[in-house]
Amino acid sequence: NAGVTQTPKFQVLKTGQSMTLQCAQDMNHEYMSWYRQDPGMGLRLIHYSVGAGITDQGEVPNGYNVSRSTTEDFPLRLLSAAPSQTSVYFCASRPRDPAYEQYFGPGTRLTVT
Amino acid sequence: EDKVVQSPLSLVVHEGDTVTLNCSYEVTNFRSLLWYKQEKKAPTFLFMLTSSGIEKKSGRLSSILDKKELSSILNITATQTGDSAIYLCAVVVASGAGSYQLTFGKGTKLSVIP
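Listed in order, the protein sequences are those of chains A and B.
Each residue of the first sequence is one higher than the one before, counting from 1 in this note's numbering.
Each residue of the second sequence is one higher than the one before, counting from 1001 in this note's numbering.
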């Protein structure tokens, strides 16, 4: 049982480049989310999904796209990277039932130069 | 807008001290409160609190929820250097149509020095 996996672990991009951060979970969780974490800012929600085919914006969605074609996968796309997107990105998943906690992936450290 | 506030934002203590971390919230449709510990990587789950006044305990860590005061505390007794981490509080709220969302506080950075 791998839990929540993310790739890559580290990435350096130049301003204007695009890329996709991959996230997968094998726990059959309905809910998946993407967060970014910056010093002193805590975890901020970028986008989330409550099931395959359903996505919605979180607190800081600008510059990012998501899709959820399967229950397992929830990729995050950076359309045109900017230095302000330098951050650590965490993917998370949890069951629909709120009685269960949220599980986090190991994170991707992204630097945009 | 839902709000979760943690205090203090950072704390430095000596090994053996007891610390109390605070989390207060202003949300609609509260369902539960979660505590996470984050060291160098991803947050790891500590406690989930749903009922007021019932203490959850795990070793030297304990936590309790006060729904009247809209707050929770996380206590760590006899601190060790391995307790150094960021402690995150998150509140689960019902957001309609049977769905639930988490709102995180900014975290408390705890540093335990020998």
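Treat the hints with caution; some may be incorrect.
Facing chain A, a subset of chain B residues (Cβ under 8 Å, in silico) [unchecked claim]: (1) Val1027; (2) Thr1028; (3) Asn1029; (4) Arg1031; (5) Lys1041; (6) Ala1042; (7) Phe1045; (8) Met1048; (9) Leu1088; (10) Gly1096; (11) Leu1102; (12) Gly1107.
Think of the hints as simulated: they come from the structure by calculation, not from any bench.
Since the structure is predicted, the reported quantities are computational estimates derived from the model, not experimental observations.
The beta-carbon is built from N, C-alpha and C at its ideal position, and this holds for glycine as well.
Hint-by-hint comparison with the structure:
1. Val1027: 13 Å, violated
2. Thr1028: 14 Å, violated
3. Asn1029: 10 Å, violated
4. Arg1031: 5 Å, holds
5. Lys1041: Holds - the Cβ of Lys1041 of chain B comes within 8 Å of chain A, reaching about 5 Å at its closest.
6. Ala1042: 4 Å, holds
7. Phe1045: With a minimum Cβ separation of about 5 Å from chain A (threshold 8 Å), the hint on Phe1045 of chain B holds.
8. Met1048: 6 Å, holds
9. Leu1088: For Leu1088 of chain B, the interface hint holds, since the closest Cβ of chain A sits about 7 Å away, which is under 8 Å.
10. Gly1096: 11 Å, violated
11. Leu1102: Check passed: Cβ of Leu1102 of chain B comes within 6 Å of chain A, closer than 8 Å.
12. Gly1107: Holds, about 5 Å.
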